[in-house]
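The opening position of the sequence shown corresponds to residue 0 in numbering that gives the first Met the number 0, with each subsequent residue numbered one higher.
Don't read these hints as lab results, they were simulated from the structure. Small disclaimer: the values here were computed from a predicted structure and weren't measured. Each hint should be verified, as a subset may be incorrect.
[To be verified] Just the calculated beta-carbon pair ranges, DEER-fashion:
(1) Thr216 - Arg127: 38 to 46 Å
(2) Arg123 - Leu227: 31 to 39 Å
(3) Trp175 - Lys217: 16 to 24 Å
(4) Trp175 - Val63: 34 to 42 Å
(5) Asp106 - Tyr50: 40 to 48 Å
(6) Ala159 - Gln222: 41 to 49 Å
(7) Ser57 - Gly121: 35 to 43 Å
(8) Ser55 - Ala115: 40 to 48 Å
(9) Gly121 - Val210: 37 to 45 Å
Backbone N, C-alpha and C fix where the C-beta goes; we use that ideal spot for every residue, glycine too.
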Amino acid sequence: MRLETRGVVAGYGSATVLRGVDLTVGDGEAVAVVGRNGMGKTTLLKTLLGYLRPTSGSIQLDGVDITGSLPERIVRHGVAYGPQDEPVFAHLSVEDNLQAARIGRIDAARREQVLAFFPVLGTRLRQRAGTLSGGEQKMLVLARALLAEPGLIVLDEITAGLQPSMVNTVVTALNWEREQRGTSVLLVEQNIDAVLGICDRVAVMKLGQLVAEEKATKDARDQLMLLLAP
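When you get a sec, could you build the whole thing from the sequences and use the hints?
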């Protein structure tokens, strides 16, 4: 799935946060948006997913204009979203959260493979999702996104607070998804090693604008770390 934004401006009330964002995620491509806190990264994702209406600019999915569409329409178009805040249905069980991934039957083989990445979820299917640890909730968010069989996965700080072994699992699972289904991926992420392990390109956001872009290579690591330094 191809995502394309042109000149997107958005904010909260009279406060403008995004100032003319041009971003492209090609079909089957993985792109990260990185930047210091408060630069507008989460606002960008909320705008793309329909939780925040842009004041100008356009957003397209596979050539279809979805600018200002409601989140449910965007999800039906084939987008899976893992937000940073309130990522799970806390009062529902782990099983119910997984079943919420899609309307209709979840492919059994796919479910088995996804749960193989996150075996702790398979042992806690009856447990309320809100009682999982923060890291376990992140795993549930990613598992749910994968079970949706989307064309585009959008994740906000999915590795934040995870121990290195679980970060590696996230990298492995997303690479598996890209290899198996050619799914496009858009990450907002602070973990540069995870970004370089998943993505083809990295875009740097500063004060609501994308100000630089790098190929996601090891040679770019030091430069990206400098851009993210306090």
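Next on the checklist: Tell me if the beta carbons of Asp106 and Tyr50 are separated by a distance inside 40 to 48 Å.
Outcome noted: violated (29 Å)
Checklist entry - Could one say that the CB atoms of Ser55 and Ala115 fall in the range 40 to 48 Å? => result Taking Cβ atoms as reference, Ser55 and Ala115 lie about 45 Å apart, which means the hint holds.
Checklist entry - Measuring from beta carbon to beta carbon, are Ala159 and Gln222 in 41 to 49 Å? => result violated (22 Å)
Next on the checklist: Verify the CB-CB distance for Thr216 and Arg127 against the hinted window 38 to 46 Å.
Outcome noted: holds (42 Å)
Checklist entry - Do the beta carbons of Trp175 and Lys217 sit within 16 to 24 Å of each other? => result holds (21 Å)
Checklist entry - Gly121 and Val210, beta-carbon distance inside 37 to 45 Å? => result holds (43 Å)
Checklist entry - Does the Cβ-Cβ separation between Arg123 and Leu227 fall within 31 to 39 Å? => result holds (34 Å)
Item to check | 35 to 43 Å as the expected CB spacing between Gly121 and Ser57, which holds or is violated | outcome: holds (42 Å)
Checklist entry - Within 34 to 42 Å or not, the Cβ separation of Trp175 and Val63? => result violated (28 Å)
Taken one by one, the earlier hints fail for this structure at numbers 4, 5, 6, listed in ascending order.
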